[in-house]
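Colleague: Build the full structure now, drawing on both the sequences and the hints.
My numbering numbers the first residue of the sequence shown as 60 and each following residue consecutively.
Treat the hints as calculated values from the structure; they're not laboratory data.
Any given hint could turn out to be false.
In silico DSBU-like links for lysine-lysine, alpha-carbon gap of 35 Å or less [stated by the list, open to error]:
#1 LYS206 to LYS112
#2 LYS66 to LYS84
#3 LYS112 to LYS75
#4 LYS66 to LYS76
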Amino acid sequence: MMSQGDKPYSTFELGKKLHEVWHMKGNLELIPHTRGYYTIRFSLLEDRDRIFKMRHWLLQPGAFHLQSWVQDFNPNMVCSSLARVWVRIMDLSMEYWQPSIHEAIASAFGTLIRIDDRTFHRRMGHYARILVEIDMKTGLIEKIMYKRAGVCSFATLVFERLPEFCRNCGIVGHTTAACTRGKLPEREGNTGRGRGRRCSTS
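Modeller: Here's what the structure looks like:
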């Protein structure tokens, strides 16, 4: 998954990048599909089992997500509840504007994709801004408690330009009011915004 403006990896470049990031002992083969999906063949089960323990990988630029193969998989028919959203982290003191801390905060409600350049270089002090992939089914949180050197503090999260999301069928792309499917039973966590969550940066 890439951000707007990023140059996409070729299959060869992506394979080389993954081999490096994953610190593989064996080899891998990438088989490209449409819409950015790949089938991966590992030469060693040891590599596969270790890598699959962590499903999300930040490549810088971009991110890579792993999932097990499912029968009758068709990339063109995939409907997802995932969305990339820019998030403003308010009330976060600038001494905590570090990539490791931003990643720890993002991990409490999604997967970090990118840090805004102005945040990375500390050129604007109003708020820290990060691009995060979130699962809209889990609901959004408004505050996050982070702990640093034994001290607990709170930061407010502001989500920019949230996509349309349907709580009936659980996918991004249309609203609940515009849904043409029958209403599904309400699931815990998909009712919209939550109150808060914790992360650890120590």
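Colleague: Look at each hint and say if it fits the structure.
Modeller: Against the structure, the hints come out as follows:
1. LYS206 to LYS112: With Cα atoms ~26 Å apart, LYS206 and LYS112 stay inside 35 Å; holds.
2. LYS66 to LYS84: holds (28 Å)
3. LYS112 to LYS75: Within the cut-off at roughly 20 Å; holds.
4. LYS66 to LYS76: holds (14 Å)
Every hint, counting from the list given before, is met by this structure.
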